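K.L.:
Taken in sequence, the protein lines are chains A and B. Every letter in the first sequence is one number past the one before it in my numbering, and letter 109, counting from 1, is 114. Every letter in the second sequence is one number past the one before it in my numbering, and letter 410, counting from 1, is 411.
These are computed hints drawn from the structure, not numbers from a lab. Since the model is a prediction, treat every value here as computed from it, not as a measurement. Here a beta-carbon is modelled for each residue, glycine too, at the ideal position from N, C-alpha and C. Just so you know, not all the hints are guaranteed correct.
Residues of chain B placed beyond 10 Å of chain A at every Cβ, according to the derived structure [to be verified]:
no., residue
1, 142
2, 148
3, 152
4, 155
5, 158
6, 170
7, 173
8, 178
9, 194
10, 207
11, 297
12, 331
13, 338
Cross-link-like lysine to aspartate or glutamate pairs, in silico, EDC-like; alpha carbons within 16 Å at most [said to hold, decoys possible]:
no., chain 1, residue 1, chain 2, residue 2
14, B, 199, A, 48
15, B, 199, A, 45
16, B, 199, A, 33
17, B, 199, A, 35
18, A, 131, A, 170
19, B, 199, A, 46
20, A, 154, A, 45
21, B, 199, A, 53
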Amino acid sequence: MSAVYGLFTTPELAQQAVDELKAVGIPESEITIQSSEPLEEYEFGSRDRATLMPWIAVLGAAIGMATGYFLTSVTQRSWAINTGGMPIVTTWSNLIIIFELTMLGAVFASVLTLLVSARIPRRLPKFYDREISNRKILIGVANPRNVSKVEHALRASSGGVRRVENL
Amino acid sequence: MKRTADNSITDDLLRPVLQTSKAFFVAVAILAAIVASGFSAWAYQIYYGIGVTGDNWPVFWGFHETNFVFWIGISHAGTLISAILRIVNATWRRPVTRCAEVITAFALMIGAMFPLVHLGRPWLAWWLIPYPSERLLWPNYRSPLVWDFFAINTYLLSSLLFLGLPAIPDFALIRDRTTGWRNSLYGKLSLGWQGTPKQWHRLESAMHLMSLAIIPIAISVHTIVSFDFSMAVVPMWHSTIFGPYFVVGAIFSGIAALNIVMAIIRKALHLEKYLQPIHFQNLGKLMLAMSLLWGYFVFNERLVTWYGNTPHEMAALWSTQMGRYSPLFWTMVFCNFILPFPLLTIRKLRSIRAIVIASCGVVIGMWLERFLIIVPSLSYKGTPYSWGSYMPRWPEIAILSASFAAMALLYLLFSKFIPIISIWEMKVGEHPSIKVAAKVQEAEAAGELI
C-alpha cells in the first residue's frame, strides 16, 4: 500500500496535474486533492456532489420541534400547575421554547452532517503532507496500479514527485 | 490566477499565536487581578447576603440586571452580524467575522453569569433547568426566566459551533507548522482535517445553513430578554415594541463593541494590513443606521407614554427627563445619538479614531440605557407608597468592572491560542473573482462609483 503525489504551488498547475492524471486513465474518484484553502473556482476544487445537508437540517428542526412540544405540553399536562387562571397548557409561551429547540435541532443536524460526511474527527492519515500549510496543493493517487504513469503525469505538470509507503 | 505559495497571510496571522511578548503576561496579570476582585466581591455578597448591594425595596433589580441585559446585547455583535454578512456574501467580512464571533461567545457567557450573581442563593440556580423535581413539579414554562434559559443556551451553543467549525482548518494549519505540545494539542483540535475539496464544500455548506438558523435565534434571544420586562405590568415596561427595541439596541451596542475590539487588536497585534479603514467605515455605517433606529424607538416609547398620561408612568418618565435620573438620560442621548451622528455621517470625520470614539460613547450610552430601562421603572411602580430609589454599592461596582476585565481577559487568551482572523478565509479573499468585488466595494466607499 503506497501513494504517489506531487505538491503544486498554484491552482493552475494543480488543475493541469489533475487533467494529466485523468488523461492517463486515472479515474477522478482515485485522485486525492488536499489544500489549505477552498479552491472552488477550479474544476478540481469543486468536485463534490450536492448534499442532503439542507434536508437533514430540516429533519433536525422537526425533531427539535417535536422535542419542544413534548417537553412543554406533555410535562405541563403530567404535572399541572394552576397559575392565575391560565390554561394548563399555555401554547403561546410554549411556542418560545418550541422555537428555540427547533432551531437548535437544525443547527445540531447541520453540524452532525458535516462531521459524518466530511469524516471528521479522525486520525490524520499518512497520505498527507505538512507542506500544504505553506499553500502547496497536494495532488496524488493512493495505491496506483501503474506508478510510473502517475509519476509521469505529475512531473508533466512541474510537480516534484513524492511517495508514501505503508499507508 | 497569479496566486503563489505566498505565506505572508499565514505568517502574519499566526504570529500572535506562536510568539508571546512580556506585555501579554502583564495584561493577563492585571486583568486577572480585576476579575479576581470581582469574584471576591461576589463571594462577599454570597456570604453576607444580597443586602450588601444597593438592591432594596422597591428596586430589587439594579446593576446586576443592567449588566445581564447589556452583555447579552453586546453578544449580538458577533454571530448575528457574521451570519448576515456570510449570507449576503459580503467580501469585506473576512477579517471581521471571527473577531466578532468571539465577542458573542464571551459576552453570552459573562451575561449569563449575572442572573446567578443576582441570586441570593446561587447554588439553587439549577432549579431553572427543566428536570422533574422531587416535588413532582416541573419548572414553570410560563416564566420568562425559563425562556431566557432556553434562548441563551441555544444561542450560546450555536455561536460556539459557529465559531468553532471554521476554526478547524486553522487548527490544522497550526498543527502542521508546530512541534511538541502545540502539535499535539492542535492535532487533536483539528480533528484530522486534510483540506479535501469535499471537506471544504461540506464545511461551507454547514456554515451557510447555520447562518440561516442563527439569525432568527439571535433576534429571538434579545426579544426574549425584553420579555423579562415587557411581561410585567410595570411602568414603561409593558410595551409591545420592547422586542424590536431591545434587538436594535443590542445590535447597536454590539457593533460598537466590535469596533473597539478591532481597533485594539489591530494596534496590539499589528494587524493593520488586515483590519483596514474600510472595515471600520462599513461597520460605522451600520452603526449609524442602528443609532437612527434606536433614536426612533426611544422617541416612540416616550411619546406613547406621554400621550397615555397615566400618573405612575408619567412619574417614571419625568424622573428620566427632568428628575433624578435625567443626567443619566441626557448623557445616554449624547453618547448614543449626538456624539456618533456627526462622526459617522460626515465622511471627512469618519476615521478609525472617530469611529472608535463614537463606539466608546455608544457602549457607555447603551449601558446607561439598560440601567434607565430597569431602575426608574422599578422606582415608580403603581402606587406612590411603593416609590423608592436605588444607589449601587461597592460589590456591584466591583463586579461590573470585573465583567469588563473578564471580557478583555478571555479575548486576550483566545487570541493567544486561536488566530483572531480566519486564515483560510483571508486566503480565499486573495482569489481573483473576490478581489474584483473588493475593489468595487473600495471604489464605492471612496465615492468613485455612483
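K.L.:
If a hint holds in the structure, say so; if it does not, say that too.
P.N.:
Verification of the supplied hints:
The claim that residue 142 of chain B lies off the interface is violated: its Cβ sits roughly 5 Å from the closest Cβ of chain A, which falls inside the 10 Å cut-off. With 10 Å as the threshold on Cβ separation, the claim that residue 148 of chain B sits away from chain A is violated: the shortest Cβ distance comes to roughly 5 Å. Its beta-carbon lying about 6 Å from the closest one in chain A, residue 152 of chain B breaks the requirement of being farther than 10 Å from that chain. Interface exclusion of residue 155 of chain B from chain A breaks down, the closest Cβ pair being 4 Å apart, not more than 10 Å.
Annotated as non-interface, residue 158 of chain B brings its C-beta within 10 Å of a C-beta of chain A; the closest such distance is 7 Å. A beta-carbon of chain A is positioned within 10 Å of the beta-carbon of residue 170 of chain B; the least distance is around 7 Å. Its beta-carbon lying about 8 Å from the closest one in chain A, residue 173 of chain B breaks the requirement of being farther than 10 Å from that chain. For residue 178 of chain B, the non-interface assignment is contradicted: its Cβ lies about 5 Å from the closest Cβ of chain A, within the 10 Å cut-off.
Its closest Cβ contact with chain A, about 6 Å, brings residue 194 of chain B to no more than 10 Å, contrary to its assignment away from the interface. The claim that residue 207 of chain B is not at the interface with chain A is violated, since a C-beta of that chain comes within 10 Å of its own (minimum 4 Å). Here residue 297 of chain B stays apart from chain A, with its beta-carbon at least about 26 Å from theirs, past the 10 Å limit. Every beta carbon of chain A lies more than 10 Å from that of residue 331 of chain B, the smallest distance being close to 36 Å; the non-interface claim holds.
With 10 Å as the threshold on Cβ separation, the claim that residue 338 of chain B sits away from chain A holds: the shortest Cβ distance comes to roughly 32 Å. Between residue 199 of chain B and residue 48 of chain A, the direct Cα distance comes to roughly 13 Å. Compliance with the 16 Å bound is thereby established for this hinted pair. As the CA atoms of residue 199 of chain B and residue 45 of chain A are separated by approximately 10 Å, the hinted pair is consistent with the 16 Å bound. In summary, the hint linking residue 199 of chain B to residue 33 of chain A is supported, as the alpha carbons are separated by about 13 Å, within the 16 Å threshold.
Restraint check: the Cα-Cα separation between residue 199 of chain B and residue 35 of chain A comes to about 13 Å, which is no more than 16 Å; the hinted pair holds. Using a Cα cut-off of 16 Å, the hinted pair residue 131 of chain A and residue 170 of chain A holds, with the two alpha carbons roughly 9 Å apart. The straight-line distance between the Cα atoms of residue 199 of chain B and residue 46 of chain A is roughly 14 Å, inside the 16 Å bound, and the hint therefore holds. As the CA atoms of residue 154 of chain A and residue 45 of chain A are separated by approximately 27 Å, the hinted pair breaks the 16 Å bound.
A threshold of 16 Å between alpha carbons decides the hint, and for residue 199 of chain B with residue 53 of chain A the separation of about 5 Å falls inside it, so the pair holds.
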